[in-house]
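Visitor: Chains A and B, in that order, give the protein sequences. Taking the numbering used here, the leading residue of the first sequence gets 1, the next gets one more, and so forth. Taking the numbering used here, the leading residue of the second sequence gets 156, the next gets one more, and so forth.
Incorrect hints may have been included.
List time: in silico DSS-like cross-link candidates among lysine-lysine, alpha-carbon distance up to 25 Å [said to hold, decoys possible]:
#1 B:K332 / B:K227
#2 B:K348 / A:K120
#3 B:K332 / A:K120
#4 B:K332 / B:K348
#5 A:K49 / A:K70
#6 B:K227 / B:K165
Footprint (simulated), chain A over chain B, 3 or more residues, beta carbon under 8 Å [as the list claims (entries may be wrong)]:
#7 230-239
#8 313-321
#9 329-339
Simulated from the structure, these hints should not be mistaken for laboratory data. Please read all numbers here as calculations on a predicted model, not as lab measurements. Cβ coordinates follow ideal geometry from the N, Cα and C atoms, glycine included.
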Amino acid sequence: MSRIAGFSAPLLASILMLGAFSPAVTAATVELKINQNKQCIMCHKRNGKMFGLHANDALDLTCQNCHGEKAGHPRKASDLIGFSATFVAEPDVQTAACLQCHDVETLSQADWTHDVHSNKVNCASCHQLHPETDPIIGVTASERSEMCSDCHSAK
Amino acid sequence: MKNSRRLFLKSACAVVVGASGYTIAKSSTETAVIDGKKYALVHDETKCIGCDACSVACREVNLVPEGVSRLKIEREGPYGEYPDQYFRFTRKSCQQCEDTPCVKVCPTGAAYKDPETGIVSVDAWKCVGCQYCIAACPYQVRFINPVTHAADKCDFCKETRLKEGRQPACVSACPTKALTFGDLKDPESNIVKVLKSAPNYRSKTELGTRPKVFRIASREGEVTL
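Kindly produce the complete structure, drawing on both the sequences and the hints.
Guide: Okay, structure coming up:
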């Protein structure tokens, strides 16, 4: 009995490991459609790649859907927008890009804080779409209240 | 024969009068001796942002198990039309009544009002879990603690933070300083200053409970029936 176990255990482990690794290998080789956008990725290799839910091939999104048309960028004028608190575009301009698909009602049901922030704070203050998972998903109650007090604090 | 009965009645009356006089005198001296603090709390609803920092801190400091809570912030809303919407936040926790329905119904004396601080507390070891207090509390803030199996509720951190000479956990956690804690008897205390500077209200005062949690009202929403 123990001899069988001693022999089969490493075999089983190797089969399992093979199974676990093979999808990862294929995922690394096949680039998501959104990351094949030559126009943008040529320069933004490091900071432009999308790995999150919004990069899903089925959604068929491009960089331009959110960031706007390239136009004269990078040398001349363009209406490209970036998503961060430090970016020149006003919060409501940034929010408008998200509201193209996400409607106010559904956002309100997902979390009440959307109702009172949407035109004052840009979405990127809490959400990030480029990384594989949005950091706001699964925050603990205490982390969440700390995020509130980052802005709301009495002097 | 006749005389002795009269004597008996006379002396019996004298004893009764004397005894009642003694108990009245005793009780009046008792209330006079106790001259402690009267701790209270103000929740400024106009400053509250509903971040739950208070309830998170309460759970941590008082080791309140998951599934029950001593303090909750209740949210009503949204009121108004997008994008100009707002919410109302109200604090749900023990109101620290002066006239305590929970203490009155407690058969074992586990629920009591501390004469030194005026804080309503629970002696967990005396509680038999009959839940009379839970039924009697008009604010519905009491619960059976699944760990101690005794009735539990907010005690202004009497056993934790106040013992260390600090403010209750919720008060120090609040990022917008919406909570003010202090002694109502001290005219120089912050709480007295806050209460005198702003119109405030208390919940269900019509029941005669005389609660010691005061609220500064935020913008009202619509009336829901």
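Visitor: Does each hint fit the structure? Answer for all of them.
Guide: Now for the hints, and whether the structure bears them out:
In summary, the hint linking K332 of chain B to K227 of chain B is supported, as the alpha carbons are separated by about 17 Å, within the 25 Å threshold. The hinted pair formed by K348 of chain B and K120 of chain A fails the criterion: a straight-line CA distance of about 34 Å is larger than 25 Å. Proposed proximity of K332 of chain B and K120 of chain A is supported: the alpha carbons are some 22 Å apart, at most 25 Å. Taking the CA atoms of K332 of chain B and K348 of chain B, the gap is near 15 Å; set against the 25 Å cutoff, the hint holds.
Distance restraint check for K49 of chain A and K70 of chain A: the Cα-Cα separation of roughly 16 Å lies within the 25 Å cut-off, and the hinted pair is therefore satisfied. Taking the CA atoms of K227 of chain B and K165 of chain B, the gap is about 61 Å. The hint is violated against a cut of 25 Å. Coverage of the region 230-239 of chain B by chain A holds [criterion: at least 3 residues with CB-CB distance below 8 Å; count 5]. Coverage of the region 313-321 of chain B by chain A is violated. Counting CB-CB distances below 8 Å, 0 residues qualify, and the rule asks for three or more.
For the region 329-339 of chain B, the proposed coverage by chain A is satisfied: 3 residues have a C-beta within less than 8 Å of a C-beta in that chain, meeting the threshold of three.
Against the hints set out earlier in the document, violations occur for numbers 2, 6, 8.
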